[in-house]
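Construct the complete structure from the given sequences, taking the supplied hints into account.
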Amino acid sequence: MSWATIAAIYFIVWWVVLFAVLPFGVRSQGESGDFAPGTDPGAPSLPALGRKMLWTTLVSAVIFAVLYWIYMSRLITLDDLGALLGMRR
Numbered sequence: 001m002s003w004a005t006i007a008a009i010y011f012i013v014w015w016v017v018l019f020a021v022l023p024f025g026v027r028s029q030g031e032s033g034d035f036a037p038g039t040d041p042g043a044p045s046l047p048a049l050g051r052k053m054l055w056t057t058l059v060s061a062v063i064f065a066v067l068y069w070i071y072m073s074r075l076i077t078l079d080d081l082g083a084l085l086g087m088r089r
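All the letters of the sequence shown, read from the start, carry residue numbers 1 to 89 under the numbering used here.
If you are wondering where the hints come from, they were derived from the structure by calculation, not from laboratory data.
Ideal placement from N, C-alpha and C gives every residue a C-beta, glycine not left out.
Please note that a few of the clues may not be correct.
What the hints assert, rightly or not - Taking CB as the label site, the calculated pair distances span:
#1 Ser73 with Asp40: 40 to 50 Å
#2 Val62 with Ala4: 14 to 24 Å
#3 Gly30 with Ala65: 33 to 43 Å
#4 Leu54 with Ile12: 10 to 20 Å
#5 Ala8 with Ala48: 25 to 35 Å
#6 Ser2 with Gly42: 37 to 47 Å
#7 Gly30 with Ala83: 43 to 53 Å
#8 Ala83 with Gly50: 36 to 46 Å
#9 Met1 with Gly33: 48 to 58 Å
#10 Val16 with Gly50: 11 to 21 Å
#11 Ala7 with Leu54: 13 to 23 Å
#12 Leu81 with Val26: 30 to 40 Å
#13 Pro37 with Leu78: 33 to 43 Å
Said to hold, decoys possible - Mimicking SDA-like on lysine to any residue, the simulated pairs with C-alpha atoms at most 25 Å apart in a straight line are:
#14 Lys52 with Gln29
#15 Lys52 with Tyr68
#16 Lys52 with Phe19
#17 Lys52 with Gly33
#18 Lys52 with Leu18
#19 Lys52 with Asp40
#20 Lys52 with Met87
Below is the structure:
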């Protein structure tokens with residue numbers, strides 16, 4: 001597996017995990033009672049994006065390590081994935 005492939009797969013995993021992590025711990029301005037002028041009451045008051053990006057990076061590294069181990073150990077091959085999806089060679 002080339003470095004470009006590794007980077008591309010990690011990038012995709014990172015974005016998927018980021019969208020899964022984003023809703024955790026979010027309090028809206030309406031819930032906290034801290035309204036900024038001109039914003040929607042449903043807008044987050046303290047999104048804590050830095051902490052969420054750190055968690056995303058850690059979780060993505062673990063998920064990628066498992067996927068990489070599965071690929072390198074040939075536990076599941078591309079032919080196996082094709083068979084699962086009904087695409088036989």
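Hints, verified against the model:
Evaluation of the 40 to 50 Å hint for serine 73 and aspartate 40 yields a pass: the beta carbon distance comes to about 49 Å. Between valine 62 and alanine 4 the Cβ separation comes to about 22 Å, which falls inside the hinted range of 14 to 24 Å. Evaluation of the 33 to 43 Å hint for glycine 30 and alanine 65 yields a pass: the beta carbon distance comes to about 40 Å. In this structure the hint that leucine 54 and isoleucine 12 lie 10 to 20 Å apart at CB holds, the actual value being about 19 Å.
Look at alanine 8 against alanine 48: about 28 Å separates their beta carbons, and that is inside 25 to 35 Å. Taking 37 to 47 Å as the suggested C-beta distance range, the pair serine 2 and glycine 42 conforms, at roughly 43 Å. The supplied range of 43 to 53 Å is met by glycine 30 and alanine 83, whose beta-carbon atoms lie about 50 Å from each other. Taken as a hint, the range 36 to 46 Å holds for the pair alanine 83 and glycine 50, whose Cβ atoms sit roughly 43 Å apart.
Range check, methionine 1 to glycine 33: Cβ separation about 51 Å, and the 48 to 58 Å hint holds. For the pair valine 16 and glycine 50, the beta carbons lie near 19 Å from each other, so the given range of 11 to 21 Å is met. For alanine 7 and leucine 54, the Cβ-Cβ distance of about 19 Å falls inside the hinted range of 13 to 23 Å, so the restraint holds. Between leucine 81 and valine 26 the C-beta distance comes to about 35 Å, which sits within the given range of 30 to 40 Å.
A beta carbon spacing of about 55 Å between proline 37 and leucine 78 contradicts the range 33 to 43 Å that was offered as a hint. The hinted pair formed by lysine 52 and glutamine 29 meets the criterion: a straight-line CA distance of about 19 Å does not exceed 25 Å. Distance hint between lysine 52 and tyrosine 68 is fulfilled; the C-alpha atoms sit about 24 Å from each other, no more than 25 Å. The hinted pair formed by lysine 52 and phenylalanine 19 meets the criterion: a straight-line CA distance of about 10 Å does not exceed 25 Å.
Simply put, lysine 52 and glycine 33 have alpha-carbon atoms about 23 Å apart, close enough for the 25 Å limit, and the pair holds. The straight-line distance between the Cα atoms of lysine 52 and leucine 18 is roughly 7 Å, inside the 25 Å bound, and the hint therefore holds. Restraint check: the Cα-Cα separation between lysine 52 and aspartate 40 comes to about 22 Å, which is no more than 25 Å; the hinted pair holds. A threshold of 25 Å between alpha carbons decides the hint, and for lysine 52 with methionine 87 the separation of about 38 Å lies outside it, so the pair is violated.
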